[in-house]
Amino acid sequence: MTFGGPPDEVHRDKRISAAVSLAKKSIANPHEITDKDFDNLRLLFNIEELSTLCSFISFISGAQKFGIIVGLTEKDSTTK
639 MTFGGPPDEV HRDKRISAAV SLAKKSIANP HEITDKDFDN LRLLFNIEEL STLCSFISFI
699 SGAQKFGIIV GLTEKDSTTK
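Under my numbering, residue 718 is the last one in the sequence shown; the count climbs by one each step, no gaps.
Be aware that a few hints might be false.
Claimed, not checked - Lysine-lysine pairs mimicking DSS-like chemistry, simulated, CA-CA at most 27 Å apart: (1) K663 - K652; (2) K652 - K662; (3) K674 - K663; (4) K703 - K713; (5) K663 - K703; (6) K674 - K662; (7) K674 - K652; (8) K703 - K662.
Said to hold, decoys possible - With beta-carbon atoms standing in for the labels, derived distance ranges: (9) D673 - S693: 12 to 22 Å; (10) T672 - G709: 32 to 42 Å; (11) K662 - I685: 36 to 46 Å; (12) G709 - S689: 14 to 24 Å; (13) L681 - G709: 34 to 44 Å; (14) I707 - R650: 30 to 40 Å; (15) N684 - E712: 29 to 39 Å.
Please keep in mind that the hints were generated in silico from the structure rather than gathered at the bench. Note that beta-carbon positions come from the ideal geometry of N, C-alpha and C, so glycine has one too.
Start from the sequences and build out the full structure, keeping to the hints where you can.
In structure tokens:
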């Protein structure tokens, strides 16, 4: 895992790989997430973990869109 740089593209852990795939699919087109996707996710995550994962993806996505809408920049997040 890298911090402050581009994200890792290869994940050896199946759970991380599945979570990243879900996040990418939810950003690209959430309407393409199918029941089969969730069937596969349920093999790796229990229902509480899956609920938390979906909530986290939605929160981060929404927070990023909020920042874009109100014009936040990286400069706004630095402390003085």
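Hints, verified against the model:
no. : hint                    : result
1   : K663 - K652             : holds, 16 Å
2   : K652 - K662             : holds, 15 Å
3   : K674 - K663             : holds, 13 Å
4   : K703 - K713             : holds, 17 Å
5   : K663 - K703             : holds, 16 Å
6   : K674 - K662             : holds, 16 Å
7   : K674 - K652             : holds, 17 Å
8   : K703 - K662             : holds, 15 Å
9   : D673 - S693: 12 to 22 Å : holds, 19 Å
10  : T672 - G709: 32 to 42 Å : holds, 35 Å
11  : K662 - I685: 36 to 46 Å : violated, 22 Å
12  : G709 - S689: 14 to 24 Å : violated, 32 Å
13  : L681 - G709: 34 to 44 Å : holds, 42 Å
14  : I707 - R650: 30 to 40 Å : holds, 37 Å
15  : N684 - E712: 29 to 39 Å : holds, 36 Å
Going down the numbered hints, you'll see the structure goes against 11, 12, while the others check out.
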